[in-house]
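2 protein chains.
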Amino acid sequence: MSSQFEPIAAMAMELAKLPGIGPKTAQRLAYHLASQPQENVRALSVALWEGRKAIRFCETCGNYSTGDACPICADPTRHNGQICVVRDPRDVAALERMHEYHGLYHVLHGTLSPMEGVGPDDIHIRELLARLGTEEVNEVILATNPDVEGEATATYIARLLKPMNVKCTRIAHGVPVGGDLEYTDEVTLYKALEGRRDM
Amino acid sequence: MSSQFEPIAAMAMELAKLPGIGPKTAQRLAYHLASQPQENVRALSVALWEGRKAIRFCETCGNYSTGDACPICADPTRHNGQICVVRDPRDVAALERMHEYHGLYHVLHGTLSPMEGVGPDDIHIRELLARLGTEEVNEVILATNPDVEGEATATYIARLLKPMNVKCTRIAHGVPVGGDLEYTDEVTLYKALEGRRDM
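Protein sequences appear in the order of chains A and B.
Note that my numbering has the first sequence beginning at 1, numbered continuously upward.
Note that my numbering has the second sequence beginning at 1, numbered continuously upward.
Among the hints, erroneous ones may be present.
Put simply, identical chains are the same to the list, so a pair is met inside one copy or across any two.
As the list claims (entries may be wrong) - Here are the computed lysine-lysine pairs in the DSS-like style, where the Cα-Cα straight-line distance is at most 25 Å: (1) K53 to K24; (2) K53 to K17; (3) K167 to K53; (4) K53 to K162; (5) K167 to K17; (6) K162 to K24; (7) K24 to K167; (8) K17 to K162.
FYI, nobody ran anything at the bench for these hints, they're computed from the structure.
All values reported here derive from a predicted model rather than from experimental measurement.
So here's chain A without its partners, still in its complex pose (with noise of 0.2 Å):
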């Protein structure tokens, strides 16, 4: 029967495809969004479509924004020198939360990987040599994951900064190894970026 009525088939189908749905979850989905008044299936056909659209990247620093720059990089009393590199806009987010950071961002939208063919110039470190050559700034603080590619990615950074004389630091570890910077509790970010040491 799911393969025979098709609308709901097509849902499950398309609802599968997201992380963690699997099949049958899919299914479960599906026949309950049958099961809800119109309007409501409306209200999230649309939050998803007019969010996607939405989205767009910050020409500065590659965060999530809505116009051309992302409310951070808009904000005049950010620009105090400090750009913090992470790997995608998640992690901007976690950040934010602990609400201690009050400096910039640079998102890379992803990190090294050469076993899934990932180099430098698949992220946007080029965009993040360029911004040292025009904005002012003093420190640059690697928070890539504290994950074997993260790491790799900071020593990447932290070399070609070498010669430019740019302060360059690591947050410290105090997120545990092996974790995901989206987790991590605002006080461990704290500590995490307090410990911070040059590299």
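Dock chain B against chain A, hints included.
Just chain B, lined up with the frame of chain A:
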């Protein structure tokens, strides 16, 4: 940031309304969708809304349908004098996956539940009685869930049908008591159907 960046917050808020999706999972899904190509999110959005719009109910049995009659009611070979009474359309789907039942269905869209204020007029019992007057019915198979509400509903309908001289059977307790029809495997469902007894 999740509360700051409007489009992702809006996506997460709607996703969190789905059953089994908590706020953390909803945010993770929203971030995932934000990182997907626009056309993928559009495909999901369209599938959900178009799917929901296409879903109607069969005018005869109450099963999901895209037209006036569901594929089962529209199939003349299924009119064999048997009507299988279930709680909702996903139970029809579960029984159809068994490939062993060749009659018609009647979907109640609920079960009697005095605790939740669901009485006989709130579910499609009257429609079932009407069918017995117009269709040639030899047997009504009560396949509501083997839980308290399902048993009560089956007993109630059996009592109503008694004076109408229609054979009325209940699926056997091959399905585990307290279980859910939707998650029962095909073999158990077949045993349950085979072992049905008069009531």
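Results for each hint:
no.	hint	verdict
1	K53 to K24	between (29 Å within a copy, 22 Å between copies)
2	K53 to K17	both (19 Å within a copy, 21 Å between copies)
3	K167 to K53	neither (38 Å within a copy, 58 Å between copies)
4	K53 to K162	neither (39 Å within a copy, 59 Å between copies)
5	K167 to K17	neither (43 Å within a copy, 46 Å between copies)
6	K162 to K24	neither (52 Å within a copy, 39 Å between copies)
7	K24 to K167	neither (51 Å within a copy, 36 Å between copies)
8	K17 to K162	neither (43 Å within a copy, 49 Å between copies)
Checked against the numbered hints given earlier, the structure breaks hints 3, 4, 5, 6, 7 and 8 and satisfies all the rest.
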